[in-house]
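Single-letter residue listing:
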Amino acid sequence: MSAPPAVQTSRAPGAAFILKKALISALVALVLFSLMIGVRTDAGPDGQLTYWTRFGDLAAMVATVFGGSIVLELLRQWWGPVGTIRVVPPAVQSTLSLAGRLVAPVLLVFTFLVPVLFYNERYILDLGILVLTYVMLGWGLNVVVGLAGLLDLGYVAFYAVGAYSYALLATNFGLSFWVCLPLAGILAAFWGVLLGFPVLRLRGDYLAIVTLAFGEIIRLVIINWQSLTGGPNGVTGIPRPTLFGIPLTPGDDGLAAMLGIEFSPTHRVVFLFYLILALALLTNWVTIRLRRLPIGRAWEALREDEVACRALGINTTTTKLTAFATGAMFGGFAGAFFATRQGFISPESFTFHESALVLAIVVLGGMGSQLGVALAALAMIGGFELFRGLEQYRMLVFGMAMVLLMIWRPRGLIGHRAPTVFLKTNQAISSDLVKEGHG
Amino acid sequence: MSGDHILSVDRLSMRFGGIVAVNDLSFNAERRKITALIGPNGAGKTTVFNCITGFYKPTSGAMRLVHDDGHAIQLERLNDFRISKLARVARTFQNIRLFPGMTALENLMVAQHNALMRASGLTFLGLIGAPSWRKAEQAAIDLAQTWLDRIGLLDRADDAAGNLPYGDQRRLEIARAMCTQPALLCLDEPAAGLNARESAALSELLLSIRGDQGTSILLIEHDMSVVMEISDHVVVMDHGIKIAEGTPQQIRDDPKVIAAYLGADEEEAIAVMESGT
Numbered sequence: 001m002s003a004p005p006a007v008q009t010s011r012a013p014g015a016a017f018i019l020k021k022a023l024i025s026a027l028v029a030l031v032l033f034s035l036m037i038g039v040r041t042d043a044g045p046d047g048q049l050t051y052w053t054r055f056g057d058l059a060a061m062v063a064t065v066f067g068g069s070i071v072l073e074l075l076r077q078w079w080g081p082v083g084t085i086r087v088v089p090p091a092v093q094s095t096l097s098l099a100g101r102l103v104a105p106v107l108l109v110f111t112f113l114v115p116v117l118f119y120n121e122r123y124i125l126d127l128g129i130l131v132l133t134y135v136m137l138g139w140g141l142n143v144v145v146g147l148a149g150l151l152d153l154g155y156v157a158f159y160a161v162g163a164y165s166y167a168l169l170a171t172n173f174g175l176s177f178w179v180c181l182p183l184a185g186i187l188a189a190f191w192g193v194l195l196g197f198p199v200l201r202l203r204g205d206y207l208a209i210v211t212l213a214f215g216e217i218i219r220l221v222i223i224n225w226q227s228l229t230g231g232p233n234g235v236t237g238i239p240r241p242t243l244f245g246i247p248l249t250p251g252d253d254g255l256a257a258m259l260g261i262e263f264s265p266t267h268r269v270v271f272l273f274y275l276i277l278a279l280a281l282l283t284n285w286v287t288i289r290l291r292r293l294p295i296g297r298a299w300e301a302l303r304e305d306e307v308a309c310r311a312l313g314i315n316t317t318t319t320k321l322t323a324f325a326t327g328a329m330f331g332g333f334a335g336a337f338f339a340t341r342q343g344f345i346s347p348e349s350f351t352f353h354e355s356a357l358v359l360a361i362v363v364l365g366g367m368g369s370q371l372g373v374a375l376a377a378l379a380m381i382g383g384f385e386l387f388r389g390l391e392q393y394r395m396l397v398f399g400m401a402m403v404l405l406m407i408w409r410p411r412g413l414i415g416h417r418a419p420t421v422f423l424k425t426n427q428a429i430s431s432d433l434v435k436e437g438h439g
Numbered sequence: 001m002s003g004d005h006i007l008s009v010d011r012l013s014m015r016f017g018g019i020v021a022v023n024d025l026s027f028n029a030e031r032r033k034i035t036a037l038i039g040p041n042g043a044g045k046t047t048v049f050n051c052i053t054g055f056y057k058p059t060s061g062a063m064r065l066v067h068d069d070g071h072a073i074q075l076e077r078l079n080d081f082r083i084s085k086l087a088r089v090a091r092t093f094q095n096i097r098l099f100p101g102m103t104a105l106e107n108l109m110v111a112q113h114n115a116l117m118r119a120s121g122l123t124f125l126g127l128i129g130a131p132s133w134r135k136a137e138q139a140a141i142d143l144a145q146t147w148l149d150r151i152g153l154l155d156r157a158d159d160a161a162g163n164l165p166y167g168d169q170r171r172l173e174i175a176r177a178m179c180t181q182p183a184l185l186c187l188d189e190p191a192a193g194l195n196a197r198e199s200a201a202l203s204e205l206l207l208s209i210r211g212d213q214g215t216s217i218l219l220i221e222h223d224m225s226v227v228m229e230i231s232d233h234v235v236v237m238d239h240g241i242k243i244a245e246g247t248p249q250q251i252r253d254d255p256k257v258i259a260a261y262l263g264a265d266e267e268e269a270i271a272v273m274e275s276g277t
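Protein chains in written order, with our numbering: chain A, 1 to 439; chain B, 1 to 277.
These are calculated hints, taken from the structure and not from any lab test. Errors might be hidden in some of the hints.
As the list claims (entries may be wrong) - In silico SDA-like cross-links for lysine to any residue, where the CA-CA straight-line distance does not exceed 25 Å:
{"#": "1", "chain 1": "B", "residue 1": "Lys135", "chain 2": "A", "residue 2": "Leu248"}
{"#": "2", "chain 1": "A", "residue 1": "Lys435", "chain 2": "A", "residue 2": "Gly100"}
{"#": "3", "chain 1": "A", "residue 1": "Lys424", "chain 2": "B", "residue 2": "Pro165"}
{"#": "4", "chain 1": "A", "residue 1": "Lys424", "chain 2": "B", "residue 2": "Asp159"}
{"#": "5", "chain 1": "A", "residue 1": "Lys424", "chain 2": "B", "residue 2": "Arg134"}
{"#": "6", "chain 1": "B", "residue 1": "Lys85", "chain 2": "A", "residue 2": "Leu321"}
{"#": "7", "chain 1": "A", "residue 1": "Lys424", "chain 2": "B", "residue 2": "Thr59"}
{"#": "8", "chain 1": "A", "residue 1": "Lys424", "chain 2": "B", "residue 2": "Phe27"}
{"#": "9", "chain 1": "A", "residue 1": "Lys424", "chain 2": "B", "residue 2": "Pro131"}
{"#": "10", "chain 1": "B", "residue 1": "Lys85", "chain 2": "A", "residue 2": "Val193"}
{"#": "11", "chain 1": "B", "residue 1": "Lys57", "chain 2": "A", "residue 2": "Arg289"}
{"#": "12", "chain 1": "B", "residue 1": "Lys135", "chain 2": "A", "residue 2": "Phe197"}
{"#": "13", "chain 1": "B", "residue 1": "Lys135", "chain 2": "A", "residue 2": "Val193"}
{"#": "14", "chain 1": "A", "residue 1": "Lys435", "chain 2": "B", "residue 2": "Gln94"}
{"#": "15", "chain 1": "A", "residue 1": "Lys435", "chain 2": "B", "residue 2": "Pro131"}
{"#": "16", "chain 1": "A", "residue 1": "Lys424", "chain 2": "B", "residue 2": "Gln94"}
{"#": "17", "chain 1": "B", "residue 1": "Lys33", "chain 2": "B", "residue 2": "Gly18"}
{"#": "18", "chain 1": "A", "residue 1": "Lys424", "chain 2": "B", "residue 2": "Ile141"}
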């Protein structure tokens with residue numbers, strides 16, 4: 001026996017430390033809340049100042065902070081310092097990794113079955129369509145933000161261009177959805193290139209500001225160009241999509257009559273569900289394909305180091321433009337779908353709020369991760385509906401959930417990056433190494 | 001001096017406002033040879049590099065690059081990525097600039113971007129998975145594999161570049177530059193931060209690049225043991241002007257060079273003199 005038995009070191013701070021911390025927090029709370037909660041002022045009946053004290057509420061508030069501080073500190077000790085590797089039994093680990101690999105296929109199969117399982121629940125079908133629309137938008141923006149590392153705050157502009165392209169082409173020229181869909185994508189991509197040109201020299205915050213402004217410009221043009229877009233009144237009577245020419249209507253030439261089944265309005269909802277699912281999967285497939293092509297690798301290299309890209313002979317201008325155009329094209333497809341689903345569009349649907357929501361989905365999902373974006377869209381849109389019962393606390397719960405998520409997973413739900421090509425082992429790359437891009 | 005020059009720098013000047021970083025510099029780099037550019041800190045070596053590789057537009061002067069087939073290109077007329085794409089000049093950086101979040105293999109694949117873009121039919125052939133694209137991609141992977149093997153990183157091909165040790169990152173950056181199939185390879189202090197053994201391996205790698213690929217090399221280096229061992233020709237700069245040039249042997253004995261180093265930095269002067277003995 002040579003070495004003495006190792007003494008248990010680095011004990012967690014004792015009760016005195018926790019109490020001291022809680023006391024300081026309570027003191028700060030007392031100072032802050034004594035005026036905000038402790039004293040209430042109001043105008044009296046004659047306009048004079050009246051005030052009364054609410055020391056009971058104040059005491060409750062301070063006590064909550066005191067107690068909360070203790071609980072927080074205990075929780076922190078229980079979890080251990082950030083980055084501690086806790087020993088997980090191999091069996092659990094392998095189960096977890098298996099579960100991780102199964103998430104995507106299970107989710108996909110479930111999505112395919114949603115219209116079957118919830119055929120009679122219109123609400124769930126509509127929600128599913130909404131979630132899938134945002135999944136598609138998220139995947140589209142992921143090309144620009146996640147892969148190329150270009151912060152785009154005006155993505156809704158392309159969504160709007162797609163929606164108005166379909167709406168105007170269909171109502172004015174009577175073109176069918178299937179003709180308009182590629183046109184909407186091409187027009188949106190064209191606007192993506194138009195936006196791309198002036199902003200190519202900008203980086204980071206400046207790029208974000210210009211794209212934000214671009215989103216607003218498109219919206220304002222739509223509002224003010226009354227003769228073309230109908231201004232704030234929007235476009236009404238947008239034709240519903242057809243199953244390659246067969247309308248989903250109760251008439252004799254409708255799908256139901258042709259198949260000899262009874263007409264139900266749910267048919268159209270189910271059709272729309274599978275339509276957006278197909279569009280979203282197309283987006284996903286193309287993005288995954290593009291990542292493995294030189295253009296996709298150039299996007300990611302651009303995010304990692306633009307100077308090195310130039311030294312390797314990569315044309316950074318066209319590379320950025322293709323990223324903008326590709327992302328915009330998918331936004332345009334989603335916009336065309338949105339227009340045909342709603343039958344009515346107005347500028348109100350294309351506010352900055354939408355851009356922020358889609359960007360939040362991409363960031364929460366883990367920039368660059370396809371599965372992460374899908375999960376984030378499900379959580380953001382589906383979860384938002386889930387909390388509807390909480391009424392006015394809905395936003396609060398939602399905000400808290402986002403803050404917690406950002407503390408635990410600062411690089412999004414799925415932060416690691418999968419390599420696009422490998423020789424022997426396909427190992428994920430830690431998010432610590434992957435750059436976020438700077439413009 | 002009627003040698004076969006791959007690069008002729010003629011009266012190159014670069015001013016930043018009132019500061020003259022490079023003043024009327026002329027030198028030649030011979031084909032299939034290693035030319036070293038040395039000088040004390042702040043002599044303007046990296047500025048010359050940035051002019052040659054298109055990161056700066058020189059205030060005046062000409063830089064003429066002649067490919068093996070006799071095709072001549074005036075580098076000062078090209079800018080940005082075109083230097084690498086059309087003139088086939090590749091470079092590495094003083095502070096390593098790999099793509100840290102991509103694997104070593106991916107780094108080498110990105111370097112073959114222009115060739116692969118053509119092979120993928122500007123993405124469209126690649127998107128549908130055409131056989132010609134698959135073949136080109138496999139060829140690119142094979143080339144990357146060859147280079148990974150040469151720099152001894154084949155086992156770490158699937159590791160993130162940012163996770164590799166410093167010396168490996170330096171070699172990977174050189175391999176990445178070589179994957180662009182350059183005519184002229186410009187290395188900015190490739191031995192900086194390497195230990196003696198890694199420096200020796202680097203010298204060997206550079207000699208083999210010159211010998212096997214026939215690539216001409218222009219390098220900036222402070223490590224005199226590397227410079228003296230592998231250079232065919234040395235150009236010495238100080239305060240933006242050329243103060244000497246010649247074979248390593250001639251430079252070693254040049255009093256002007258020793259004075260420049262003595263005047264600039266004692267440590268470097270000692271390093272020069274020690275490696276000269």
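Violated hints, by number in ascending order, as checked against the structure: Of the numbered hints given earlier, those the structure breaks are 1, 7, 8, 11, 12, 13, 15, 16, 17, listed in rising order.
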